Amino acid sequence: MKMISKVDQSSVLADPPHTPEATSTGTMTDSQKIACLQAQGDDALGKENYEEAVHFYTQGLMLDAKDCQLLSCRSLALIQLKQYEAARVDAELLIQIRPEAPQNHYLLSLANRYLGHLKIGFQSLLRCLELDATHQNEIVKDLYKATEKLCNVETQDKHSDEKGL
1 MKMISKVDQS
11 SVLADPPHTP
21 EATSTGTMTD
31 SQKIACLQAQ
41 GDDALGKENY
51 EEAVHFYTQG
61 LMLDAKDCQL
71 LSCRSLALIQ
81 LKQYEAARVD
91 AELLIQIRPE
101 APQNHYLLSL
111 ANRYLGHLKI
121 GFQSLLRCLE
131 LDATHQNEIV
141 KDLYKATEKL
151 CNVETQDKHS
161 DEKGL
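In terms of full-length UniProt numbering, the numbers along the sequence shown are unbroken and rise by one, the last being 165.
Worth flagging that the hints you see were computed from the coordinates, not collected in a lab. The structure presented is a predicted model; accordingly, all values stated were derived computationally and were not measured. Incorrect hints may appear among the rest.
Computed cross-link-like contacts, SDA-like style, restricted to lysine to any residue with a CA-CA straight-line distance of at most 25 Å [what the hints assert, rightly or not]:
id: 1; residue 1: K145; residue 2: I97
id: 2; residue 1: K119; residue 2: R98
id: 3; residue 1: K149; residue 2: R98
id: 4; residue 1: K119; residue 2: I95
id: 5; residue 1: K82; residue 2: M62
id: 6; residue 1: K82; residue 2: Y114
id: 7; residue 1: K141; residue 2: Y114
id: 8; residue 1: K149; residue 2: L126
id: 9; residue 1: K149; residue 2: Q136
id: 10; residue 1: K119; residue 2: K141
id: 11; residue 1: K145; residue 2: L126
id: 12; residue 1: K47; residue 2: T27
id: 13; residue 1: K145; residue 2: L118
id: 14; residue 1: K141; residue 2: E130
id: 15; residue 1: K119; residue 2: D64
id: 16; residue 1: K119; residue 2: D142
id: 17; residue 1: K82; residue 2: D30
id: 18; residue 1: K119; residue 2: D132
id: 19; residue 1: K47; residue 2: P99
id: 20; residue 1: K66; residue 2: D30
id: 21; residue 1: K119; residue 2: D67
id: 22; residue 1: K47; residue 2: E100
id: 23; residue 1: K141; residue 2: R127
id: 24; residue 1: K66; residue 2: I95
Label pairs and their in silico Cβ distance ranges [what the hints assert, rightly or not]:
id: 25; residue 1: K149; residue 2: R98; range: 36 to 42 Å
id: 26; residue 1: V89; residue 2: A39; range: 36 to 42 Å
id: 27; residue 1: Q32; residue 2: T147; range: 29 to 35 Å
id: 28; residue 1: T27; residue 2: C151; range: 34 to 40 Å
Glycine residues also receive a C-beta, built at the ideal position from the N, C-alpha and C atoms.
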């Protein structure tokens, strides 16, 4: 597993939001800190600096462990880093918090697919399809690809059994 590179902690809140609450007291609320960390994570994610993005999202999650936006972004960054098990854990937590959100099921399907858990990934895609009326064409295409992979795996398993492997 790759180690997340250390980021200078002084830069984590280098550009705080200029809200009346933050400037009048000189301190930021947790929600302001989370918003700042989210923005920094999003910036790193956009620049494909996935390790740094994971760092910022993790810092935000230390302030609010159930922030769905932070969890989903971190799960996506972890998938990009090929840390599929950690991404799966985040996606499962997302589903516990917001089971009605289709993107949470989609993230779980991706993590499981990359882990080789094709049937579980397929089931997550089906749930995503049930919940998402907007992206049905894309999800159906993903289901088609998943079906092809499942059929290939089952065909290979059947041939192996026939050959006594």
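Exercise for the section: Could you tell me which of the numbered hints above are not met by this structure, giving the numbers in increasing order? Expected result: 1, 3, 12, 15, 17, 19, 21, 22, 25, 26, 27 and 28
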